[in-house]
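**Q** Model the full structure from these sequences, guided by the hints.
Protein chains in written order, with our numbering: chain A, 673 to 897; chain B, 432 to 655; chain C, 52 to 98.
Do not rely on the hints blindly, as some may be mistaken.
[Said to hold, decoys possible] In silico DSS-like pairs for lysine-lysine, Cα to Cα no more than 27 Å straight-line:
#1 C:K91 <-> C:K78
#2 C:K78 <-> A:K675
#3 C:K91 <-> A:K882
#4 A:K742 <-> C:K78
#5 C:K91 <-> A:K675
#6 A:K857 <-> C:K78
#7 C:K91 <-> A:K742
#8 A:K882 <-> A:K675
#9 A:K742 <-> A:K675
#10 A:K742 <-> A:K857
[Stated by the list, open to error] Simulated DEER-style distance windows between Cβ atoms:
#11 C:L63 <-> A:L737: 38 to 46 Å
#12 B:K628 <-> A:L726: 27 to 35 Å
#13 B:T510 <-> A:G677: 30 to 38 Å
#14 B:L541 <-> C:L63: 50 to 58 Å
#15 A:M673 <-> B:E650: 43 to 51 Å
#16 A:A894 <-> B:V461: 20 to 28 Å
#17 A:P839 <-> B:P624: 52 to 60 Å
#18 A:G677 <-> B:E655: 45 to 53 Å
#19 C:W66 <-> A:M673: 47 to 55 Å
#20 C:R89 <-> B:V461: 39 to 47 Å
In case anyone wonders, no lab produced these hints; they're calculated from the structure.
Even for Gly, the Cβ is constructed at its ideal location relative to N, Cα and C.
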Amino acid sequence: MLKRGVIGAAVLFLVGAAAYASFYIAPEERTMGAIQRIFYFHAASAWAGMTAFLVCFLANLTYVLRRNQKSDWLGVSAAEVGLAFTTVVLITGPIWAHPVWGIWWTWDARLTSTFVLWLLYVSYLLLRNMLEEPDRRALLSALFGIFAFLDVPLVFGAIRWWRTQHPQPVIMGSPGSGLEPTMSKVFFFSVLAMHALMVLLLSERYRLEKMRGDFQELQREAEAR
Amino acid sequence: MATLSNTAVLLGKEVRTEFRSRELLTTTVVFIVMVVVLFSFTFDPTSSESRRFGPGLLWLAFLFAASLMLQPCFLREQTNDTLSALRLSVSDPFAIFLAKLIANTLFLFLTEVLMLPVFAVLYNVHLLAVTPQLALVLFLGSLGVAIPGTAFSAISAQARLRELMLPLLLLPLLTPVLIASTEATAALLEPNPALRKDWLGFLATFDVVFLTALWLFGEYLLEE
Amino acid sequence: MKNLDSIFAAYLFGWAVFFVFYLTVAKRASALRGDLDRLKDTLNRGK
Numbered sequence: 673m674l675k676r677g678v679i680g681a682a683v684l685f686l687v688g689a690a691a692y693a694s695f696y697i698a699p700e701e702r703t704m705g706a707i708q709r710i711f712y713f714h715a716a717s718a719w720a721g722m723t724a725f726l727v728c729f730l731a732n733l734t735y736v737l738r739r740n741q742k743s744d745w746l747g748v749s750a751a752e753v754g755l756a757f758t759t760v761v762l763i764t765g766p767i768w769a770h771p772v773w774g775i776w777w778t779w780d781a782r783l784t785s786t787f788v789l790w791l792l793y794v795s796y797l798l799l800r801n802m803l804e805e806p807d808r809r810a811l812l813s814a815l816f817g818i819f820a821f822l823d824v825p826l827v828f829g830a831i832r833w834w835r836t837q838h839p840q841p842v843i844m845g846s847p848g849s850g851l852e853p854t855m856s857k858v859f860f861f862s863v864l865a866m867h868a869l870m871v872l873l874l875s876e877r878y879r880l881e882k883m884r885g886d887f888q889e890l891q892r893e894a895e896a897r
Numbered sequence: 432m433a434t435l436s437n438t439a440v441l442l443g444k445e446v447r448t449e450f451r452s453r454e455l456l457t458t459t460v461v462f463i464v465m466v467v468v469l470f471s472f473t474f475d476p477t478s479s480e481s482r483r484f485g486p487g488l489l490w491l492a493f494l495f496a497a498s499l500m501l502q503p504c505f506l507r508e509q510t511n512d513t514l515s516a517l518r519l520s521v522s523d524p525f526a527i528f529l530a531k532l533i534a535n536t537l538f539l540f541l542t543e544v545l546m547l548p549v550f551a552v553l554y555n556v557h558l559l560a561v562t563p564q565l566a567l568v569l570f571l572g573s574l575g576v577a578i579p580g581t582a583f584s585a586i587s588a589q590a591r592l593r594e595l596m597l598p599l600l601l602l603p604l605l606t607p608v609l610i611a612s613t614e615a616t617a618a619l620l621e622p623n624p625a626l627r628k629d630w631l632g633f634l635a636t637f638d639v640v641f642l643t644a645l646w647l648f649g650e651y652l653l654e655e
Numbered sequence: 052m053k054n055l056d057s058i059f060a061a062y063l064f065g066w067a068v069f070f071v072f073y074l075t076v077a078k079r080a081s082a083l084r085g086d087l088d089r090l091k092d093t094l095n096r097g098k
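**A** Here it is, written out as structure tokens:
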């Protein structure tokens, strides 16, 4: 209990430090001004969300091949955590865009791809709700999860390519634009902090799922008597 | 190989079943026509507007139609539990998927081809000169829709609210197919039609990726 | 700082999402722990 408290405090400290760095250590960006600082929060969340979905994919693969409950617990936890981070990306993107471009949504390539990613994993969770029998639910959602993750590079690639042919305002700076050295360091630190937060949320969610599994097991034992 | 001959036999069954009543094909074609007509009320169909919006609307109509047409694919195997019989009759479960997805691709392709003259007339576009290239785009696109569609039909058949689940699972995943097919089709409807080999290559890649995934994991989709 | 309210809003909404996620997980966990303990009691009494 104490260990969890200490780890939680450490993660919060890390995240707070990253926020501090975004405001006081990173230099001001030339064209957009202060609003650009949202980038450290926005892009770092995107990377952490992606890692969560990668964890989900690996858990899905493991479940299909080994059929161990823990992989199913990890899969659903990672999907939910990934969705939380992706939601943050989708919220902070328009908040960034509005002062800069005057509109909330520009169908920017990365944000649009993130939206499709969000829809894919919402479907994953909805599918799980529609399957009642636990083994069926675990297997079929894992299979869908595998297909969904394989689709992710294709979605990002197709939308990026399509956008180069029908250009629109780009929110976060084009992929080619480099980051100044201090900015890179702050960004790397933000990515680290967000991943720490992701792991924390993932372990909490996993514990809940494990508890649920134990509860159902005990219920079966009670009914058997 | 046993798998291929099993596939051929099952494919024959799928095609014969459909052509006996042709109900799936006819209802799908009518559905697409309805969607295309309704779409025409949402913009002013001058020639340049049609060229801009037409391909996208056409492919959107195909995607919606496919998510309906793919429902019965595994659903009809639940009555009388014919799926168990199928599973017992083949050594490789992939043969079942291969047969169904070839049949689905064929049916989709057929409905799309039947739609083309209607589309050309209603939206005032010239298709005759580019028909073979268009057929290639339609084929690769239909394959792209049918491969994940057949897989997810097996999944949604076992879920609640299955009529809603199939489109929900399928449509976000098919975003790359929609983009690639629309771009390739639009390029063929330009005053100087061009065959976009890059988008066709992308479609082919999509098809290969998901066909491989289906080959690797198909047997688990059909587990008891 | 220009656009301070936008930056503030972004961090606020962002953190709200993580906070709400954590709270819902924690709430479900404590409710479940209660059920789990009660079930264990019932089983032990039955022994």
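**Q** Hint by hint, say whether it matches the structure.
**A** Structure-based check of each hint:
| no. | hint | in the structure |
| --- | --- | --- |
| 1 | C:K91 <-> C:K78 | holds (20 Å) |
| 2 | C:K78 <-> A:K675 | holds (20 Å) |
| 3 | C:K91 <-> A:K882 | holds (16 Å) |
| 4 | A:K742 <-> C:K78 | holds (22 Å) |
| 5 | C:K91 <-> A:K675 | holds (25 Å) |
| 6 | A:K857 <-> C:K78 | violated (37 Å) |
| 7 | C:K91 <-> A:K742 | holds (22 Å) |
| 8 | A:K882 <-> A:K675 | holds (19 Å) |
| 9 | A:K742 <-> A:K675 | holds (22 Å) |
| 10 | A:K742 <-> A:K857 | violated (36 Å) |
| 11 | C:L63 <-> A:L737: 38 to 46 Å | holds (43 Å) |
| 12 | B:K628 <-> A:L726: 27 to 35 Å | holds (32 Å) |
| 13 | B:T510 <-> A:G677: 30 to 38 Å | violated (56 Å) |
| 14 | B:L541 <-> C:L63: 50 to 58 Å | holds (54 Å) |
| 15 | A:M673 <-> B:E650: 43 to 51 Å | holds (45 Å) |
| 16 | A:A894 <-> B:V461: 20 to 28 Å | violated (55 Å) |
| 17 | A:P839 <-> B:P624: 52 to 60 Å | violated (23 Å) |
| 18 | A:G677 <-> B:E655: 45 to 53 Å | holds (46 Å) |
| 19 | C:W66 <-> A:M673: 47 to 55 Å | violated (24 Å) |
| 20 | C:R89 <-> B:V461: 39 to 47 Å | violated (58 Å) |
In terms of the numbered hints stated before, the structure departs from hints 6, 10, 13, 16, 17, 19 and 20, listed from lowest to highest.
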